[in-house]
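Please build the complex by placing chain B on the supplied structure of chain A, with the hints as guidance.
First to last, the protein sequences are chains A and B. For the first sequence, this note's numbering assigns the number 498 to the initial residue and increments by one for each residue that follows. For the second sequence, this note's numbering assigns the number 167 to the initial residue and increments by one for each residue that follows.
Since the hints were derived computationally from the structure, they do not count as laboratory data. As the structure is a computational prediction, the values presented were derived from the model and not from experiment. Be careful, since some hints might not be right.
Think about it this way: if two alpha-carbon atoms lie no more than 20 Å apart in a straight line, the pair counts; the simulated DMTMM-like pairs of lysine to aspartate or glutamate are [unchecked claim]:
id, chain 1, residue 1, chain 2, residue 2
1, A, 572, B, 183
2, B, 851, B, 898
3, A, 532, B, 199
4, B, 169, A, 567
5, A, 529, B, 199
6, A, 529, B, 200
7, A, 532, B, 201
8, B, 851, B, 841
9, A, 577, B, 188
10, A, 572, B, 200
11, B, 209, A, 538
12, B, 229, A, 553
13, A, 532, B, 200
14, A, 566, B, 188
In silico negatives: residues of chain A with every beta carbon more than 12 Å from chain B [said to hold, decoys possible]:
id, residue
15, 503
16, 505
17, 510
18, 517
19, 586
20, 590
21, 599
C-beta atoms are modelled at their ideal positions from N, C-alpha and C, and glycine is treated no differently.
The chain contents come next:
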Amino acid sequence: MSRTNYLGEFEELILTMVLVVGDEAYGNTIVKAIKGHQHREVNLSSVHITLYRLEEKGYLESSMGGATKERGGRKKRYFKITNTGKALLQEMKDARTSLWKLTPQLQFKTV
Amino acid sequence: MSKLPGIPNRLFQWYCDPLLVEQILGDLEEQFDEDSAALGVRKARWRFTWNVIRFFRPGIIRKFEGSRKLNYFGMFKHNLKIGWRNILRKKSTSTINIVGLSTAAAVCLLTVIFYRYETSFDHHHELSEHTYRVVQTTQRPDAELYWGTTAYPLAAALRSDFPDFEFVTQTAGPMQRLFGYKNSNSGKVLFEEGHVLFADEYYPQVFDFDWIAGDPATALNEPNAVIITEKVAQKSFGEHFDPSTAIGEVLLLNNKDQLIVKGIIENNRPNINLKANMIVSYEFFKKHNPYPTGNWSGNYQGTTFVVVNNLAQSSEIGRKINDWKKKYLNQDDDEIISYGLQPLPEIHTETKYGATPGGYQIAKSTLDVSLMVAFFILVIAIINFVNLVTANATIRAKEVGVRKALGGGKSIIIGQFVTENALLVGLSFILAIGIAYFSLNYLNDFLQIINLELSFQPSDIAIALAFCVLVILLTTVYPSFILSSFNPTKALYNREAGESKGVGLRKGLTFFQFTIVQVFVIAAIVVGMQLQYFNTKSLGFDSDKVVSIPIPYPEGMDVFMNELKTLNGVGEVSIGSGPPMAVENFALGTRFRLPHQGKNDGLGAEMKIVDSTYLELFHIPLVAGRNIRINKDRFDEFVVSKSLVTSLGWTPEEAIGERLTINEGEATIVGVIDDFHNHSLQNEKTPVVLLNWRAFQWRAMIKVSAFDNLIGIEEKWAQQYPEQIFSYSFVDDSIAKEYVIEQMIYTGFKFFSALVILIAALGIFGLISFLTLQKRKEIGIRRVLGASIAEILVLFNKQFSFLILLAFVTAVPLVWYAMNQWLDSFTYRINLSLWMFVAGGVITFILGSSVAVMKSYRAATLNPAESLKDE
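Isolated chain A, as found in the complex (with noise of 0.2 Å):
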């Protein structure tokens, strides 16, 4: 894994996020999801920059939309995880794997 794809720790959560909140992804509903599956109270402005910033990288991709009588009657900008993000994600999850096998004590002896 190269120096330029190095993903931060919130970085990954945000981009693994849009994948799991799927066609819905936009700012409050991940930080919704956060909240939901991971007890963890993340701040809206956070989860905003992350995703610019994933976007700039490549890995997400947006559109506005979704103009609802809600929110003030504000445009929605949603995300969607890119080809390059899935790659990545699914890259740095191998390489996850691959060490967590070379761990020893991690094998259960009592299993």
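Frame of chain A, contents of chain B only:
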């Protein structure tokens, strides 16, 4: 649904990148709605606010509007760089601009400093706004006389009768006195002090000094008290005296009277009117001079100051004093004398009543003129600047064209030229401040005669800065607009696009410049001629090689005189009141009349105490009668001047043997002499009475054959007056000093006209070099077609010659009027003659055109093959 809180909402929309507002604010509002449903509106608002704060981070904040403003900075840097390159590329133009502008600005700055100094006299006292000098006007049948001094008893009488005055203070002097100090270990110190002021105890309370030791309120309370400056203290008690022990020390005045040091003050500021290195109690003066200090009719170097609490009352008080004066003045005096109040800050610049004793004045009008002159010099330099910049416009037309074609707006191009010119002006001003700073010392030396001590103050830099901004505005606005107005297609297509721009203005400015130059040059010639007239005019007497030395006291005077006569190389020796011409403002005024006439019918005259050798010494010829014979305690012989005799209706021969009365007594006219100049040439000569009195015999006047004779004279002096300090002056030098202000004006004009010629010549140099560059090809073609060098020189110079000629025609009436005004202030003056004007014009013309010819000659002689070969 509740509304979003206003302030955080607006704040967010203000700082957030407009591209992101929609989505983020949507998310925020969604969250806010949910929060207000779940947690209540109040809490939801807090969370919203908190979120807004959290969103204030890079990536969300809008880009600085910024990008455009930031680019400004980039442009600015770019302009500076281009400007700097241009300065370096056009070395001669830049040098001309910087040299001209910085010298002119330095001169301007120095003049402002000078002006401020001269108008600051006695402004620093806390009470200066409330202090007035009592002035006197005496109405005589032939003239009205104005006095800055008054009779000595006036102050005490005002103090007791007018409670309106907060203080009334009387001074006498400053005078010259001899002092001694006896010290147990270092022996005796003897020194002469030229600025001894006698003043009453109120003086230190009205006038502020910087006190080293002593108390201003009580220092002069005792009749033998003296306040000394640090300088005098160092002279008496040694370089490192102790102020606390110096108080109470005893100084001996004239080697006999004990004065006790009651106060030590810092050395005088240079900008005060009444200079005093020692202030002795007025009571002391009164005790030793009972007659003058009690005489209401006399006026002997005494100045009275009053402090008025309520400024509005000052004119009313003046009126009251004139009603009140009859209480003290005798009837004769009351009829002719009236008093007035003159504000203290005006004394130095308002010349009607004269300077304070020992001081000098500069008329406000002189100061204003000097400021104007300096301003004109700056204007000439500015004109150069504008001329050269607009002339260069042609060369830069292409650059402007390219810039415009690339989208540079007019304002950006103006910005560029303003920055460029501001860079030049700024450089010049930094130089100017340096020049001004370092030439202050020379200026102080040059103006030493008036004790000038100009200094550079931080505020001067502020003045220079203000000047600088003004000059930037003046020099850059017009040229920048000219330059920026080029039409890009024309400018790129045709290299002559800018040629016609600003030519009219350039001509006008050059014309104006040379008008000023010629006014200066002609004025300098006129002033110089007037001064030469002063120095060479026959005064009616001959004072060549006559030394004047003061006689300290009458005892032993005759012995001293006889001793002098025995010296080798010494000619006539005469003792009297002074040389024929009144120098250093010393003249004994009197009034003469026929014995039967009333006192107020007397006409003004000057009396001179002489002896039988006086006429011989100064080569003053007798017209009728004989010389006086011997000096007596009661004078009985007069030798009078022809104009006095004429005013009484006599011929010189008729006058011999007649009786005449002057204020001091009656005597017989024994001789009549030709009129001579008894006052310096700014003033009319007046009738003179020479008399054989044994009083006022204050000076010995000695004809010497060589400078070495002074050694013998000093030896005789030391024998006769061992306790005194020898001092001497040549009468010729003293007379020359009477014209020191005129000499100063002349030097000033010489300097200023040299400066303006230089700056204007630089301007011509710049313009011609620009023209030769522009017309290189034209000249080449002309040469090829057979034009001679002379013809080409004419081509270049005819325009300038015409402008100089036109300027001459304009300058003549201006300078004629101004110089006539100036000359009118002298009784004995030269008449303006045509040659002065012509000479001024010719000098300017020669200097101006020689620069032009020199510069254009190179272009004219250039091989046409060279100038035509490129492209």
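Next item on the list: Kindly indicate which numbered hints from before are broken by the structure, ordering the numbers from low to high.
Entry: none
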